[in-house]
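A.B. asks: Below, each chain spelled out in residue letters.
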Amino acid sequence: MLEILVNGLARGAIYALIALGYTMVYGILGMINFAHGEIFMIGMFGSIFALGALGSAGLVGAGLTLPLAIVAAMALSAGFGILNERLAYRKLRGAHLLAPLTSAIGMSIVLQNFVMLSVTKGKLDFPRDISAPLAETRWSLGPLHVTALQALIFALTLVLMGGLFWLIQRTRVGIALRAVAQDRTMASLCGMRVDGLIALTFALGSALAAAAGTMVAMYQGVVRFDAGYEMGLKAFAAAVLGGIGNIPGAVLGGLLIGLVEDITSYTIRSEWRESTAFAILILVLWLRPRGLLGERVADKV
Amino acid sequence: MTGRGKQVRTWLVGLAGIFLLTAPFLWTKVHGDLATGNVRLSFAPSNALQFLSVVAPGFAIGAVVVWVAGLWGRLGPRRPVVATTANRLLERPWALVGLGVALSSLGTLMSAKVLSLGSFVCLYMMLALGLNVTIGFTGLLVLGYAAFYSAGAYAFALTARFHPGFPAWAALPLGFCTAATVGFLVGLPCLRLRGDYLAIVTLGFAEAFRELVRNLPAAGGDMGLILSDTSRIRALGPLSAAQAAWVFGVWLVLLLSISVHRLQHSRTGRAWIAIREDETAAAMMGIPVVRLKLLAFSVSAGVGGLAGAYFAGFTGFVDPSTSTFDQSVLVLSMVILGGLGSLPGVLTGAALLYLIPTLLRDQIPQITDYRLFFFGSILVAMMLLRPQGLLGSPRHKMELEGPG
Chain A
1 MLEILVNGLA
11 RGAIYALIAL
21 GYTMVYGILG
31 MINFAHGEIF
41 MIGMFGSIFA
51 LGALGSAGLV
61 GAGLTLPLAI
71 VAAMALSAGF
81 GILNERLAYR
91 KLRGAHLLAP
101 LTSAIGMSIV
111 LQNFVMLSVT
121 KGKLDFPRDI
131 SAPLAETRWS
141 LGPLHVTALQ
151 ALIFALTLVL
161 MGGLFWLIQR
171 TRVGIALRAV
181 AQDRTMASLC
191 GMRVDGLIAL
201 TFALGSALAA
211 AAGTMVAMYQ
221 GVVRFDAGYE
231 MGLKAFAAAV
241 LGGIGNIPGA
251 VLGGLLIGLV
261 EDITSYTIRS
271 EWRESTAFAI
281 LILVLWLRPR
291 GLLGERVADK
301 V
Chain B
1 MTGRGKQVRT
11 WLVGLAGIFL
21 LTAPFLWTKV
31 HGDLATGNVR
41 LSFAPSNALQ
51 FLSVVAPGFA
61 IGAVVVWVAG
71 LWGRLGPRRP
81 VVATTANRLL
91 ERPWALVGLG
101 VALSSLGTLM
111 SAKVLSLGSF
121 VCLYMMLALG
131 LNVTIGFTGL
141 LVLGYAAFYS
151 AGAYAFALTA
161 RFHPGFPAWA
171 ALPLGFCTAA
181 TVGFLVGLPC
191 LRLRGDYLAI
201 VTLGFAEAFR
211 ELVRNLPAAG
221 GDMGLILSDT
231 SRIRALGPLS
241 AAQAAWVFGV
251 WLVLLLSISV
261 HRLQHSRTGR
271 AWIAIREDET
281 AAAMMGIPVV
291 RLKLLAFSVS
301 AGVGGLAGAY
311 FAGFTGFVDP
321 STSTFDQSVL
331 VLSMVILGGL
341 GSLPGVLTGA
351 ALLYLIPTLL
361 RDQIPQITDY
371 RLFFFGSILV
381 AMMLLRPQGL
391 LGSPRHKMEL
401 EGPG
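Here the protein sequences come in this chain order: A and B.
Just so we're aligned: 285 in this note's numbering is position 285 of the first sequence, and the numbers increase by one with no gaps anywhere.
Just so we're aligned: 245 in this note's numbering is position 245 of the second sequence, and the numbers increase by one with no gaps anywhere.
Same shape as in the complex, but just chain A (with noise of 0.2 Å):
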């Protein structure tokens, strides 16, 4: 039973990293970003092209492989949220709603495919002598039975959880994207370069986003150009449940949905897994639509 609660719960962390991303953009924006899931899908691919640039250069088998992959994952999915919001967002803010929402949907299809096209329709292993120690080292306290790669995601989430609550709380920048969140105009009335500050959400949250895809690809063994999709769901399934537009309902929605997901697969049947998080998004829109931890999500005039 632990068992499954750790396994749930880090299934849960890697979904609140996904739906931070998608709570970020509907906070500031007001919007949902639809590409995020294809984002995530990109920095899956981006931690193996390190690796595969780090193999070319000599450099596997030191300490800082990982590390140095997972920040290059980070950084090119952080360059394609910056083009998707420039391409897919920046001239329709002030549009009809359908617009930003139809050419989000066009650029998610674009990476996908693009991704498809340009690498391969199969799959790509992730590099076993990496993931593959990681997986198999356990470590048991009592009953408790976590894998290295676990705690790994673990203290992961929690550091970039805590840089990014210390980034939005703390610090300048973060005072000055609650102000755009708040009131766009207000705030670039105030001096604030509010085209900047989006772009910097989309590029947090995508970084995120690209963590994220790394630690899956290291559990999954194998990354696909269609993998986007489903995990964009859930996130976002975690981020309304939470209360889209929140960051604390972010993460407790991901956890939540995770352990959910795998108490489902455990107690009633594992192919229901995968429809476990549809059924939650269904739900929270009926009875709740706000989500958790969310305000009321009536139209402003």
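Just so you know, these hints were derived from the structure itself, not from any lab.
Heads up, some of the hints might be wrong.
Below, a list of computed lysine to any residue pairs in the SDA-like style, where the Cα atoms sit at most 25 Å apart [stated by the list, open to error]:
| no. | chain 1 | residue 1 | chain 2 | residue 2 |
| --- | --- | --- | --- | --- |
| 1 | A | Lys123 | B | Lys29 |
| 2 | B | Lys397 | B | Lys29 |
| 3 | B | Lys397 | A | Leu29 |
| 4 | A | Lys91 | A | Val222 |
| 5 | A | Lys121 | B | Phe325 |
All values reported here derive from a predicted model rather than from experimental measurement.
With the hints as your guide, set chain B onto chain A.
C.D. replies: For chain B alone, coordinates are given in the frame of chain A:
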């Protein structure tokens, strides 16, 4: 720095950024060494050249099309010629009957291949007309439209399986009602909320629906269902089965066009447009927003189901691939390319986006793989460059671009 210089700099920075970001995907190849699990990255320009050799001409053609459409808007006649002609036609039933008879009799001259192409064009026209009701009139994005199409097709195929001899004409109302009910139930939890939720819920629903029919033993799993000959669209009098399907399709498209047109200009249709333009204001004016959004979504889903029943009737089989994301994206791109809310627009969009890839498939085999990439690009490019679509109205342009 002058405005122009700044613009040039932005473009250069943007292009350099895109080049850098896509470089690892395009210009390199990952080699996995399975023995040690090690990976190597090597420079592979052939990969990029192959990709660019298809994408660059495609983008060039798209740019020319958008440019010509813009030029026509600036230099062509001030009156929207296509829209007015279509309106005139739709308001004169005899002209439509004439058009229907002409197109039907043309069927006797067409070869089997052309007939099948034509029937598919009719099918996609129906789907585009249906999707247009939600996205074009009411301004709600639906990403899983194919699920309703699939629901209609499966409703027909399952009924025909348990009641052999169930005729194709009776399948149309059946498909419509089934899909409309499904649409009503899907729309119920999310239409009270903002438009984005409907998009993502329908997206998830389409996937869930596909999983459902794949795992349902009665629905034949991955193999799908094959209809018995008695249920298919059969030879009718002097017409062969293929000709009958074409005639059936033509009349359905005409009937749907006229219904959708009349609906658009009815009290309900005007209320839909009011909701699209400003939901809050519409609610203030006493329009029952949620009820009308549900109605629009159900009608739209129903038309999708009707098209699904037609599809099952003339091809004689249904399988889970009718409910893929690709199908939904195809229909969405048709509506966006042709012009949101414009009947001649969505009909043209449907014909173009079905015919171009299908006709090019023999000459350029890669087109099947690149299809979706181009559809996605169409969605982004149209929203940025020409939000009203190729044949849309200036009203839509103003509305989509917003005040700022």
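A.B. asks: Going straight from one Cα to the other, do Lys123/A and Lys29/B come out at no more than 25 Å?
C.D. replies: holds, 13 Å
A.B. asks: Quick one, are Lys397/B and Lys29/B close enough, alpha carbons at most 25 Å?
C.D. replies: With Cα atoms ~43 Å apart, Lys397/B and Lys29/B exceed 25 Å; violated.
A.B. asks: Is the hinted pair Lys121/A and Phe325/B satisfied, with a Cα-Cα distance of at most 25 Å?
C.D. replies: holds, 17 Å
A.B. asks: Mind checking the alpha carbons of Lys91/A and Val222/A for me, to see if they're no more than 25 Å apart?
C.D. replies: The given pair, whose Cα atoms are some 36 Å apart, is violated under the 25 Å limit.
A.B. asks: Just to be careful, I want the Cα atoms of Lys397/B and Leu29/A compared with a cutoff of 25 Å; is the pair within it?
C.D. replies: Holds. Lys397/B to Leu29/A sits at ~22 Å (cutoff 25 Å).
Hint compliance for this structure: hints 2 and 4 are not met, and every other hint is.
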